[in-house]
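Student: Counted from 1, the sequence shown has number 111 at position 106 by this note's numbering; the numbering is strictly sequential.
You may find that some hints are simply not true.
As the list claims (entries may be wrong) - No farther apart than 25 angstroms at their CA atoms in a straight line, the calculated lysine-lysine pairs in the PhoX-like style are these:
1) Lys-43 - Lys-308
2) Lys-10 - Lys-231
3) Lys-308 - Lys-372
4) Lys-372 - Lys-43
Honestly, the hints are just simulated from the structure, not real lab data.
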Amino acid sequence: MEALKQGADALFILMGAVMVLAMHAGFAFLELGTVRRKNQVNALVKILVDFSVSTVVYFAVGYAVAYGSGFFVGAQQLAAQNGYALVKFFFLLTFAAAIPAIISGGIAERAKFWPQLIATAVIVGFVYPFFEGIAWNQHFGVQGWIQRLTGAEFHDFAGSVVVHAVGGWIALGAVLLLGARSNRYRRDGAISAHPPSSIPFLALGAWILTVGWFGFNVMSAQTLDKISGLVAVNSLMAMVGGTLAALLLGRNDPGFVHNGPLAGLVAVCAGSDLMHPLGALVVGAVAGAIFVAMFTLTQNKWKIDDVLGVWPLHGLCGAWGGIAAGIFGAQALGGLGGVHLGAQLIGTLMGVLWATAGGALVYGVLKATVGLRLSLEEEFDGADLSIHRISATPEREANW
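Using the sequences and the hints, build the whole thing.
Tutor: Structure follows, in structure tokens:
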């Protein structure tokens, strides 16, 4: 029976890893559909190569930073318990690799290719797993300190703060240091509109992310005996709450509508194992409203050229999710309890501060040394031709 349980657990978390791996196709198509046609190839290449760099770095360094154990032992030892330790690494890697995928959407259309790969290596090798170890592996006694202070540990079941808020706040530093796309904000005060190049591809990306998210959240249980239908239905309710709020506040705009479910799912990750489904619906709806309001504010008033709105979507909705777990996870609002709003505020603030500092440092050093931006000519031509020497739809003359 024990061997059967080990095999079932390995299969369970492997299925989660594959579902979250598929989400990276969602990141790619969401970005491809949002950027202009001359940057579509770059969006696809970045997500795949960032994932590949993340895999090597997280295997060699990042996992050990977070969990204190590595994989530089014999294959016989790695194969123990049906290789559960390896598939757990695979699952957690897909979370780590989401960080550069998130950042990619914010810095799209004007970032150099190789400096971003260097940033990916540093972020996935150290910046992200350092906080991951604090939140999910009791590093430095921080969780114990929070528990002594508030009566409960900081709770983040599937990464509203650990993954999404951290990714979004790192991205904010990168976006600010990189600057707006050329001619996006003109000297006369006008704003050049850059509408999505493909609503169908944008929608496809959103749907792939939405479906994969049920692996992201449900499989965060990590073993089959801890699976919870509550997590699945809370994810569903937050998804539709975010969609409907974005539809209403975004005035039927398809870009908002398809990012609405993502905002809801970002926010519900932290407390999806604790909330009542009606609480999850509210959390998702608030997240959808946050995204629409803050995306509009950052783009139009603050003139922050965050192309996919990754700071509002992941940074702000992720922080909201961390706090919301302390509100809607409480028994007084129908939750399972065991959380404290004070603990959630402390943990969320720690994640935000660490990510903001890490992003500013990593991208600040890169800007001062190798540079972050394409030249004006390269940006005008587009990242596809400037970096990859081919467009998404190359024109060819047929010679028959």
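Student: For each hint, tell me whether it holds in the structure or not.
Tutor: Structure-based check of all given hints:
no.	hint	verdict
1	Lys-43 - Lys-308	holds, 23 angstroms
2	Lys-10 - Lys-231	holds, 12 angstroms
3	Lys-308 - Lys-372	holds, 20 angstroms
4	Lys-372 - Lys-43	holds, 24 angstroms
The earlier numbered hints are all upheld by this structure, with none contradicted.
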